[in-house]
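Undergrad: Please put together the full structure from these sequences, using the hints given.
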Amino acid sequence: MPVIEVAHTIDARGLSCPMPIVKTAQAVKTIPAGAALELLATDPGSTKDVAAWCRATGNELVEQTVDGAVYRFVIRRK
Amino acid sequence: MTTTTLAPFDPLAEAIAAVDGLPEVTDTALPAPADDGQVKTKDLLIIDYSGDLEKVWASLILASTGAAMGVRTRVFVTFWGLQVFVKDSKRITGENWMQKMMSAMQRPGISHRKLSKMNFLGMGPWMMGRLAKQYGVASPKELLEAAQALGVEFIPCQMTMDMFGLKPEDMIDGMSEPAGAATVIGLMTENSTPLFI
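As they're listed, the protein sequences go chains A and B. Residue numbering for the first sequence is 158 to 235, as defined by the numbering used here. Residue numbering for the second sequence is 19 to 215, as defined by the numbering used here.
Think of the hints as simulated: they come from the structure by calculation, not from any bench. In this text, a Cβ means the ideal position worked out from N, Cα and C, and glycines have one as well. Check each hint, because a few of them may be wrong.
Cβ-Cβ distance ranges computed for the label pairs, FRET-style [what the hints assert, rightly or not]:
id : chain 1 : residue 1 : chain 2 : residue 2 : range
1  : B       : Lys151    : A       : Val160    : 32 to 38 Å
2  : B       : Met141    : A       : Gly202    : 24 to 30 Å
3  : A       : Lys205    : B       : Lys151    : 20 to 26 Å
4  : A       : Gly202    : B       : Gly183    : 41 to 47 Å
5  : A       : Val219    : B       : Tyr153    : 36 to 42 Å
TA: The structure is reproduced here in structure tokens:
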């Protein structure tokens with residue numbers, strides 16, 4: 158599997174709704190278009206919320222994995 | 019028995035064909051509108067009427083999420099909702115004794131909200147705060163800061179400001195210009211999804 162280079166990591170572990178999304182929205186503005194960022198979260202609701210956020214904002218959810226209780230999302234800025 | 023198929027009779031088409039100088043009809047399809055997979059979204063208008071902790075919390079969660087999702091989000095703050103957006107440091111507000119007494123009975127500011135149920139002299143909000151911290155839930159104050167950073171517009175109600183004797187310097191920084199009911203109805207009927215909380 159090709160490794161996607163991430164320009165920024167958001168650590169939203171331990172944070173509840175809506176902070177993972179709020180932090181993602183703030184961080185995505187700091188990276189250039191086409192670059193990717195990584196979001197780490199423990200909120201199980203984030204699996205649905207990140208997908209909904211990507212759909213609404215047009216950013217691409219490139220990767221979604223789970224390691225124990227930590228969800229990892231890789232999002233590419235449109 | 020034989021049937022004959024008649025040529026389709028279309029006088030309008032014939033008349034149009036007889037006119038010179040009309041642009042040639044081409045079969046080339048119009049370019050399809052670019053589909054970037056994005057849904058056209060309406061604006062979001064939250065009317066913050068209540069000053070109760072749990073309702074303020076819910077409205078700020080929705081407002082910050084709306085803005086995070088690229089939805090233009092406005093919050094019209096009125097009646098008890100306006101008290102929430104008075105600076106935390108203000109203790110007594112207003113000009114006459116009734117206005118002052120109102121603020122004395124219910125301290126204004128986002129950090130001094132009471133629960134509508136189970137307030138128990140502040141025990142309820144204190145426990146809510148403890149639980150929120152334990153479960154990583156952002157406080158109303160943190161959500162308000164995030165909402166403002168994401169560009170949520172907070173519009174104070176001019177009528178309520180007058181009634182409570184609130185001055186612009188009593189309010190938190192970054193509020194929009196005060197407005198009235200017509201602004202709200204205008205937004206509601208134009209392109210905003212309204213929420214009354």
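Undergrad: Work down the list of hints and note, for each, if the structure agrees.
TA: Against the structure, the hints:
1. B/Lys151 - A/Val160: 32 to 38 Å: Since B/Lys151 and A/Val160 have Cβ atoms about 36 Å apart, the given range 32 to 38 Å holds.
2. B/Met141 - A/Gly202: 24 to 30 Å: holds (29 Å)
3. A/Lys205 - B/Lys151: 20 to 26 Å: Given a distance of about 24 Å, which is inside 20 to 26 Å, the answer is holds.
4. A/Gly202 - B/Gly183: 41 to 47 Å: The hinted range 41 to 47 Å holds for A/Gly202 and B/Gly183, with Cβ atoms some 42 Å apart.
5. A/Val219 - B/Tyr153: 36 to 42 Å: At roughly 29 Å between Cβ atoms, B/Tyr153 and A/Val219 fall outside 36 to 42 Å, so the hint is violated.
In this structure, only the earlier hint numbered 5 is contradicted, and the remaining ones agree with it.
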